[in-house]
Structures are given as C-alpha cells and as structure tokens.
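In case you want the letters, here they are:
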Amino acid sequence: MATREEITSGLAEILEEVAGVNPGDVAEDKSFTDDLDVDSLSMVEVVVAAEEKFGVKIPDNEVQNLKTVGDAVSFIEANH
Amino acid sequence: MSSTDVVVTGLGATTPLGGDVASTWDALLAGRSGVTPLTQEWAAQLPVRIAAQLAVDPSEVIERVKMRKLDRSEAIALIAAKQAWLDAGLEDSGLDPERLAVSFGSGIGGATTLLNQDDILEASGPRRVSPHTVPMLMPNGPAAWVGIDLKARAGVHAMASACATGAEALSLGLDIIRSGRADVVVAGGTEAVIHPLPLAGFSSMRAMSTRNDEPERASRPWDKGRDGFVMGEGGGALILERADHAVARGARIYARLAGTGITSDGFDIVQPDPECKGGIRAMTKAIQDAGLTGADIAHVNAHATSTPAGDMGEILGIKTAIGDHPVITSTKSMSGHLLGAAGALESIATILAIRDSVVPPTINLDDPDDRLDLDVAAHKARPLEIAAAMNNSFGFGGHNVAVVFTRY
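If you're matching them up, the sequences are chains Y and A in order.
In terms of this note's numbering, the first sequence opens at residue 15 and continues consecutively.
In terms of this note's numbering, the second sequence opens at residue 76 and continues consecutively.
It is worth saying that the hints were derived from the structure and are not from the lab.
Remember, predicted model here, so these are calculated numbers, not experimental data.
It is possible that part of the hints are untrue.
Said to hold, decoys possible - Heads up, simulated SDA-like pairs for lysine to any residue below, C-alpha to C-alpha not over 25 Å straight-line: (1) Y:K71 to A:E197; (2) A:K144 to Y:N93; (3) A:K299 to A:H400.
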C-alpha cells in the first residue's frame with residue numbers, strides 16, 4: 015500500500031510529464047485547474063496515467079469530484 | 076488594379092534549409108540541398124528512403140508540454156507565423172485583434188497524428204488514445220493555433236488545395252484585405268508528413284524520386300534524369316497588410332502582393348492538364364489582377380516538382396501566359412517539395428528575389444529536357460533586377476494558383 019506522500023509524489027511526476035507542473039508546487043490542497051493550470055484535456059491524460067501507475071480505475075463520473083490533489087490522493091488510497 | 080494595395084511586411088519560415096527565413100534564403104542562394112537519407116528504422120522497407128527534413132526540429136523551439144498537444148504541422152505553423160509576426164513588428168503594436176485574420180493551410184494535415192494514435196489504439200486500446208488527437212489531426216488545426224497564438228479575431232481560415240494550398244492561402248488573404256474584413260492577415264502553409272504511409276502512398280503513385288543513393292541530386296526539375304519529387308517538410312508564413320496601414324505604422328515593406336489567379340482544371344484527380352490550360356488561365360488572371368502584362372514579369376519561381384509528367388507542361392504555360400523572357404527557377408531542387416507549404420515558401424523566395432535582385436538557382440539541371448527552352452538560373456544564383464515576379468503552385472485535384480509580387 016502506498017502512503018499518501020507516495021501517491022502525491024507519483025501524481026507530481028505525472029503532472030510534470032503531462033502538464034509541465036513544477037513538482038514543488040504539487041500539494042494536497044492545490045486545485046488541478048485553478049492552482050496548477052491543468053486544462054481539461056490534460057486532466058484526462060493525468061487520470062489515465064494515474065490509473066496505470068496506481069492500478070486503479072477512475073470512472074469518468076468520479077473525475078469531476080477530483081478538484082484537488084488531495085481529492086485524487088484520497089480516491090487512489092481508497093481504491094487501489 | 077484594385078484600389079486597395081496589399082503589401083508584405085513580415086516573413087517567417089522553418090524549412091529543410093534552415094530554422095528561419097535568413098538561413099533558408101542563404102542556403103537557397105548558395106545552391107545547397109536540404110535532401111538527406113531517411114535513417115529511421117521504418118524507412119528501410121520503403122522504396123523511397125530520402126526526404127528534405129527540417130533543419131531545426133520544432134521541439135528545439137516550442138516547449139515540451141505544448142508540443143504534446145501539437146501535430147508537427149501545427150508546431151511548424153506556430154513557429155513560422157510567430158517569426159513573421161515579430162519580423163513585421165506587430166508584437167505589442169496595438170493592432171486591433173478584430174482586424175487580424177489568419178489564412179493558413181496544409182496539404183495533408185495531421186496524418187502523422189492519426190497514424191500514431193491508431194498505433195496506440197491497436198496496441199493499447201481506446202482509453203490510451205490521446206485526448207489531444209482530434210485537435211491535432213483536424214485540418215484547420217494549424218490555422219486555429221496561429222489564430223490563438225496571435226489572438227486573431229477577424230476569422231481563421233484553413234485552406235486545403237493539396238500542393239497549391241500555401242499559394243491559395245495568400246490569395247484568400249489578399250481577398251480578405253481587399254474586401255475590408257481585416258487590415259492584417261497571417262497567411263501561409265505548413266506540412267509534415269514524412270511518415271511511412273504518405274511516403275508509401277506517393278510511391279505507389281510512382282510520383283517520387285527513388286534516387287536513394289544520391290539524396291542531394293534527387294530533386295532535379297527539368298533535368299532529363301528526373302524521376303519524381305522529393306518530399307519535404309516545413310512551413311512558411313507571410314504577413315499581408317493593407318498598404319496604408321503598413322505605411323501609417325512605419326512598417327518595413329518587402330513587396331506588394333499585386334495579384335493572384337485561381338483556376339481549376341476540371342480534368343483529373345492527379346494528372347495535370349498536359350497543355351497546362353488551367354495553369355495558363357491562373358497565370359493570366361494573376362497578371363491581370365496585378366494590372367500588369369506578361370512583359371512585366373521578369374522572374375517566375377515555378378511549381379516544377381521534378382516529376383517526368385508535370386515539369387514540362389508548366390514551361391508551355393509560362394511561354395503562353397507570360398512569354399519567353401522571364402528567368403525561371405525551381406527552388407524545390409534544393410528544398411524538396413513542401414506540398415501544402417510550397418506556395419508559401421516559394422512566395423517568400425520570390426519576394427526576396429525581388430528585394431535582393433537575384434534569382435535563386437535550380438540545382439541538378441545537368442542535362443536539360445530537350446523541350447526546356449526558357450532561361451533557367453541553373454546551378455548558380457543569377458543577379459537580376461526584378462520589378463515583378465510570379466510564383467506558381469499546382470495541386471492534386473487540379474488546383475492552379477499563380478501569385479504576383481511587385482517591388483514596392
């Protein structure tokens with residue numbers, strides 16, 4: 015089981031690769047769109063990459079609830 | 076002549092000969108070939124293993140994350156358009172976005188994106204297909220990206236007329252300014268389909284040179300040994316501007332876009348009319364549109380792609396529409412054939428020929444076709460005072476576009 019810190023760090027790697035987000039800016043309270051400037055199509059890429067990295071399935075109707083990095087960490091922690 | 080004078084105030088290009096206009100023009104005047112072997116693994120199985128590949132990869136200019144969202148043809152368009160924009164001094168110039176339009180096309184569009192994403196679909200399933208796929212492959216993608224980058228709000232138009240695309244984009248740009256819909260138009264063409272499928276498709280048509288052992292000698296318009304065109308990739312962009320608008324802001328003016336002529340053959344989907352009737356009508360219309368006569372045209376940058384079928388018809392056309400006096404050249408002998416970008420790149424060469432009073436050479440014309448009875452600037456650049464010059468572009472589908480530039 016990955017810890018919340020490990021999941022956050024894994025998401026930071028994905029966000030850097032897909033959207034050019036500085037890993038130092040990635041924290042649980044940051045909003046993907048408002049704080050990290052991840053556009054809607056890039057968010058789709060982040061979700062698919064996260065599914066692969068953490069072995070989870072993130073349904074499309076769940077993605078809209080993942081506003082912050084912390085939301086995504088919680089979902090992955092509960093489902094992987 | 077139209078009451079609205081339109082001038083060219085900015086140029087941009089990224090080509091097999093250089094990453095910008097200056098390096099490309101230097102290479103053209105020096106007679107340097109941009110054709111090289113295709114060393115990619117996939118090329119080994121192809122009958123054609125040469126192409127004119129970009130001198131500067133777009134990834135060296137555009138940051139990595141943005142490149143993920145761009146087809147190569149879109150990246151090229153963005154690079155060329157931004158160069159032209161800066162060259163024209165339009166950055167932070169206060170130009171009203173609602174007076175700025177884009178007219179930019181591609182012959183084939185985002186085919187490499189389509190093919191690469193199909194590979195992903197086959198190998199990994201639909202969820203792995205990039206969400207950027209559609210905006211990367213759509214044919215209006217290059218024009219749309221340029222419009223977004225430069226904040227054009229007077230309309231973004233995407234031409235698609237095969238190898239006449241770049242020239243037709245200029246013609247539409249001229250119409251837009253003459254009709255009063257914009258003061259400035261970013262016009263041009265882009266192409267990036269050096270990929271096994273388009274290469275195989277053109278090869279199956281027997282349209283491409285297979286002179287794989289001598290890449291630099293493969294593109295040889297009007298030479299007896301010509302055996303097809305050499306595919307090139309790249310893009311060119313021109314800033315077209317209402318002349319009084321350019322003068323009012325003190326812009327540097329390269330030349331006047333004096334007139335254009337567009338016709339269609341109504342003849343065959345790929346074969347050119349052997350008597351160049353559509354080409355003759357396009358050239359004649361362009362000359363009339365410019366308020367000139369054939370006698371005024373001192374130089375023609377010809378379409379001449381180095382195919383056995385196509386090259387000589389245009390010679391007949393030039394003689395009929397213009398006369399036997401112009402000094403002609405085919406810069407495709409050096410750049411390869413940039414397909415939908417050809418008309419844009421070759422219009423840039425035509426404009427610079429007027430500016431610098433020199434015709435760039437046609438290289439590899441070692442043994443001219445017996446029917447070639449016009450004066451070609453063979454092998455070496457030719458000094459020539461040029462008051463008016465023409466660029467021709469013809470495309471699959473029977474598209475014929477002639478563009479006339481004059482010294483301002």
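In rising order, the numbers of the hints this structure does not comply with = 2
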